[in-house]
Amino acid sequence: KAHLHYASVQEMIVLCMFMIDPSKYTHDVQHSIETALYSYSRAADEEKDDINPGVRPSKAPYATRLATRLCLALSSARTICEGKHMEMADLLASASSHETPLGAAVLLERSSSHYYQAGMIRKYAFHMLMAGHM
1 KAHLHYASVQ
11 EMIVLCMFMI
21 DPSKYTHDVQ
31 HSIETALYSY
41 SRAADEEKDD
51 INPGVRPSKA
61 PYATRLATRL
71 CLALSSARTI
81 CEGKHMEMAD
91 LLASASSHET
101 PLGAAVLLER
111 SSSHYYQAGM
121 IRKYAFHMLM
131 AGHM
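Numbering of the sequence shown is given in our numbering, commencing with residue 1 and proceeding in unit increments.
Since the hints were derived computationally from the structure, they do not count as laboratory data. Check each hint, because a few of them may be wrong.
Said to hold, decoys possible - As a list, the in silico BS3-like pairs of lysine-lysine whose alpha-carbon atoms are at most 30 angstroms apart:
1. Lys59 with Lys1
2. Lys123 with Lys59
3. Lys24 with Lys84
4. Lys84 with Lys123
Claimed, not checked - Pair by pair, the computed Cβ-Cβ distance ranges are:
5. Lys59 with Gly132: 18 to 24 angstroms
6. Ile121 with His27: 27 to 33 angstroms
7. Lys59 with Glu34: 22 to 28 angstroms
8. Gly83 with Ala2: 16 to 22 angstroms
9. Ala73 with Lys1: 18 to 24 angstroms
10. His27 with Tyr62: 26 to 32 angstroms
11. Asp21 with Pro101: 36 to 42 angstroms
Yeah, the Cβ is synthetic: ideal placement off N, Cα and C, and Gly gets one too.
Work out the full structure: start from the sequences and follow the hints.
Next up, the structure:
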């Protein structure tokens, strides 16, 4: 549970720094985002059952849902992801591997739109196809 609480605190730190002055704290915001996502993934690994490794879960762990929420919030924040479409697309695509099929489809669709904005047309098409396949 400590990883989950720590990740939530890092997420709130990002929100506070972003509300104060997003241009002043860009490096700190990026660092806190990375730390929050890493802590969420550690918490999800602790929650994960090893009953069927390699199979998509029917219900995602709570930490995975929180990481998905953070990824979607970041992708919709225009000032944070401005000029970082490849990084956001890769983040969303990697987060989709731990989600349920419906959640993975939403994340892959959002990542494909970021690939399109980055000018990566083939990756856009591939991820859009994968989103439809889920």
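message: Checking each numbered hint in turn, tell me which of them this model violates, lowest number first.
response: Hint 8 alone not satisfied by this model.
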